[in-house]
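**Q** Spelled out from the first residue to the last, the chains are:
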Amino acid sequence: MQINESLLQKIAHLSRLALTPEQLVRFPKELSLILGYIEKLQKVDTTDVPPTHQVTGLENVLRKDVVQEYTAQTELMDQAPSSASGQVKINKVL
Amino acid sequence: MSIKELHQKLLAKEISSVDLTKQYLVKIKALNPKLNAFLTVSEEEALAQAVLADKIFAAGKATFLTGIPYALKDIFCTAGVRTTGASKILEQYIPPYSATVYEKLKAQGAVLLGKTNCDEFAMGASNENSAYGPVKNPLDHTRVAGGSSGGSAAAVAADLCVFALGTDTGGSIRDPASFCGITGLKVTYGRVSRSGVLSLASSLDTIGPLTKSVEDAALVLAAIAGKDDFDSTTPAIEVEDYAQLLVKDIKGMSIGLPKEYYIGLDPELKTQIDGQLEKLKEMGVQIKEVSLPLTEYAIPIYYIILPAEASSNLARYDGVNFGLNKPGKDLLEMYLATRGAGFGDEVKRRMILGTFVLSSGYQEAYYKQAQKVRTLMCEEFNQIFNEVDALITPTMPAPAFKLGEKMSNPLDMYLADIFTAPANLAGIPALSLPVLKKQGLPVGLQIIGPRFSEARILQIAKKLEVAE
Numbered sequence: 005m006q007i008n009e010s011l012l013q014k015i016a017h018l019s020r021l022a023l024t025p026e027q028l029v030r031f032p033k034e035l036s037l038i039l040g041y042i043e044k045l046q047k048v049d050t051t052d053v054p055p056t057h058q059v060t061g062l063e064n065v066l067r068k069d070v071v072q073e074y075t076a077q078t079e080l081m082d083q084a085p086s087s088a089s090g091q092v093k094i095n096k097v098l
Numbered sequence: 011m012s013i014k015e016l017h018q019k020l021l022a023k024e025i026s027s028v029d030l031t032k033q034y035l036v037k038i039k040a041l042n043p044k045l046n047a048f049l050t051v052s053e054e055e056a057l058a059q060a061v062l063a064d065k066i067f068a069a070g071k072a073t074f075l076t077g078i079p080y081a082l083k084d085i086f087c088t089a090g091v092r093t094t095g096a097s098k099i100l101e102q103y104i105p106p107y108s109a110t111v112y113e114k115l116k117a118q119g120a121v122l123l124g125k126t127n128c129d130e131f132a133m134g135a136s137n138e139n140s141a142y143g144p145v146k147n148p149l150d151h152t153r154v155a156g157g158s159s160g161g162s163a164a165a166v167a168a169d170l171c172v173f174a175l176g177t178d179t180g181g182s183i184r185d186p187a188s189f190c191g192i193t194g195l196k197v198t199y200g201r202v203s204r205s206g207v208l209s210l211a212s213s214l215d216t217i218g219p220l221t222k223s224v225e226d227a228a229l230v231l232a233a234i235a236g237k238d239d240f241d242s243t244t245p246a247i248e249v250e251d252y253a254q255l256l257v258k259d260i261k262g263m264s265i266g267l268p269k270e271y272y273i274g275l276d277p278e279l280k281t282q283i284d285g286q287l288e289k290l291k292e293m294g295v296q297i298k299e300v301s302l303p304l305t306e307y308a309i310p311i312y313y314i315i316l317p318a319e320a321s322s323n324l325a326r327y328d329g330v331n332f333g334l335n336k337p338g339k340d341l342l343e344m345y346l347a348t349r350g351a352g353f354g355d356e357v358k359r360r361m362i363l364g365t366f367v368l369s370s371g372y373q374e375a376y377y378k379q380a381q382k383v384r385t386l387m388c389e390e391f392n393q394i395f396n397e398v399d400a401l402i403t404p405t406m407p408a409p410a411f412k413l414g415e416k417m418s419n420p421l422d423m424y425l426a427d428i429f430t431a432p433a434n435l436a437g438i439p440a441l442s443l444p445v446l447k448k449q450g451l452p453v454g455l456q457i458i459g460p461r462f463s464e465a466r467i468l469q470i471a472k473k474l475e476v477a478e
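Here the protein sequences line up with chains A and B, keeping their order.
Using my numbering, you'd call the opening residue of the first sequence number 5 and step up by one each time.
Using my numbering, you'd call the opening residue of the second sequence number 11 and step up by one each time.
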């Protein structure tokens, strides 16, 4: 499986990543090399084998729905690149 | 000096926490410019914590970790102290909250000296992927410190702190521990809370200690382990008194040597490992050769699952609520520009790989297949631990390589994880002990055990540890 520049552009866009012209040239080669190595996984017979999502075996870890006061609003909002009236400001979404 | 020795000195008032902290701050000022182990030295915070530690001593409530200066890899959120993830996208980020393990160490009065350099978002095996420059190996400044917890390992090795915490997702504690000649422990997945630690791969990430000795690792582990309401992957399994348990005899234990880890191994290292095994036999330990045929698939599985999970975890760095923001004519442009500018090459490569293996048309062949082979690998380990109590392998195939040596082919760097990644996939603990040498440089010996067998691994390591 090769990742060519066009597929790379498509995936980069899905990942919301702008790539430099230099990366657009270099990444297809690097990624194709990696994919080539990864593909040896196809050799393993996984018929009837369930996938592993996590290794703890834990399920439905619950806690009581108790509200706790949050007190770091100032510190939290200080981190926003742009804010007004205690709200985060961003580009138009809709 | 060990944690217990420092504790005695502090208890006996031979030195105060404040003076001990000042000593370390002076050392960091002198050595860090060369090593680049620390990204942030939190001097004010450190001294404030040291003052509190002295108060705890005065009140007679000190524990072994009270007043002990340590460092945290810069992916641990520390409220009020800059946390960069070694990335440009978080260059100015000051977290409004703290990682659970930081809170735990603070509660005991341990003193945070600062945040250590690492590979960007913990992606790497040499600490050359940091947006703030590589970390130099304290034993040879032309070589890498290892990664991704290179800064933590270098800081401990150069005695710029007494201990440090790192994370291990595919080998990121054990690899730099091996390269810098210190002890590094990868815990059972779920043993230590990941709350407040910048996520890389949620099914693989673990948090653990880098220390100068096995006993120190045991002491730190006991302080940070345990169930946490903020991390639902931490089971309610008892945290043992690991330091107390170190003295336990290992006679009668059986240790397996998985042959796949020894194929083509440097004969010098093999001879030294044989020497270590002789010591174990003299202690009444049984050694047997075993086989883990799926070992060769660990890297392919890992480099599908990790990028997939990372691509999802790093989606939050979008210039909206925190971190770098590069304006754009619309939301999409802002996302592309911010993430394009904020992430380094390796991070971008892995995110693209991850998005690809999860994408429609490819998910079955790549991601699902990787998850299935992972199941087989877990079963393989389960079966082997019915036969033996632990496994011994080299941690890395060779000592620290030169800076720049593996940067031209990403795949070369990925293969560094060859002996360490399997433990992460199976969620099992593994410790790297600095008892091997090649060309005068350290190489770690790896001890692997089944889930929640940290006590056992530490016991074996203690018996093999070379007395200072």
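Derived by calculation from the structure, the hints in this document are not laboratory data.
As the structure is a prediction and not an experimental result, all values here were calculated from the model.
Errors might be hidden in some of the hints.
[Stated by the list, open to error] Straight-line distance between alpha carbons at most 27 Å, and here's what the computed DSS-like set of lysine-lysine pairs gives: (1) A:K44 x B:K19; (2) A:K33 x B:K339; (3) A:K68 x B:K114; (4) A:K47 x B:K336; (5) B:K298 x A:K14; (6) B:K269 x B:K298; (7) B:K222 x B:K473; (8) B:K269 x B:K114; (9) B:K98 x B:K19; (10) A:K93 x B:K222; (11) B:K37 x B:K298; (12) B:K416 x A:K33; (13) A:K44 x B:K114; (14) A:K14 x B:K269; (15) B:K416 x A:K93.
[Stated by the list, open to error] Each pair of labels, with its calculated beta carbon distance range: (16) B:K378 x A:E73: 40 to 50 Å; (17) B:V300 x A:S87: 38 to 48 Å; (18) A:S36 x B:K289: 38 to 48 Å.
The beta carbon of each residue, even a glycine, is placed where N, CA and C say it ideally should be.
**Q** Would you mind marking each hint as holding or not holding in the structure?
**A** Going down the list of hints, with the structure as the test:
1. A:K44 x B:K19: violated (56 Å)
2. A:K33 x B:K339: violated (32 Å)
3. A:K68 x B:K114: At roughly 23 Å apart (the allowed maximum being 27 Å), B:K114 and A:K68 satisfy the hint.
4. A:K47 x B:K336: It is violated: about 44 Å lies between the C-alpha atoms, which goes past 27 Å.
5. B:K298 x A:K14: violated (51 Å)
6. B:K269 x B:K298: Since the Cα atoms of B:K269 and B:K298 sit roughly 10 Å apart, the hinted pair holds (cutoff 27 Å).
7. B:K222 x B:K473: Holds, at about 15 Å.
8. B:K269 x B:K114: violated (40 Å)
9. B:K98 x B:K19: violated (41 Å)
10. A:K93 x B:K222: violated (48 Å)
11. B:K37 x B:K298: Violated, because 46 Å separates the two Cα atoms, which is more than 27 Å.
12. B:K416 x A:K33: Within the cut-off at roughly 16 Å; holds.
13. A:K44 x B:K114: violated (43 Å)
14. A:K14 x B:K269: violated (43 Å)
15. B:K416 x A:K93: The given pair, whose Cα atoms are some 42 Å apart, is violated under the 27 Å limit.
16. B:K378 x A:E73: 40 to 50 Å: holds (43 Å)
17. B:V300 x A:S87: 38 to 48 Å: violated (58 Å)
18. A:S36 x B:K289: 38 to 48 Å: Cβ of A:S36 to Cβ of B:K289: about 47 Å, so the range 38 to 48 Å holds.
Consistency with the previously given hints fails for numbers 1, 2, 4, 5, 8, 9, 10, 11, 13, 14, 15 and 17, ordered from lowest to highest.
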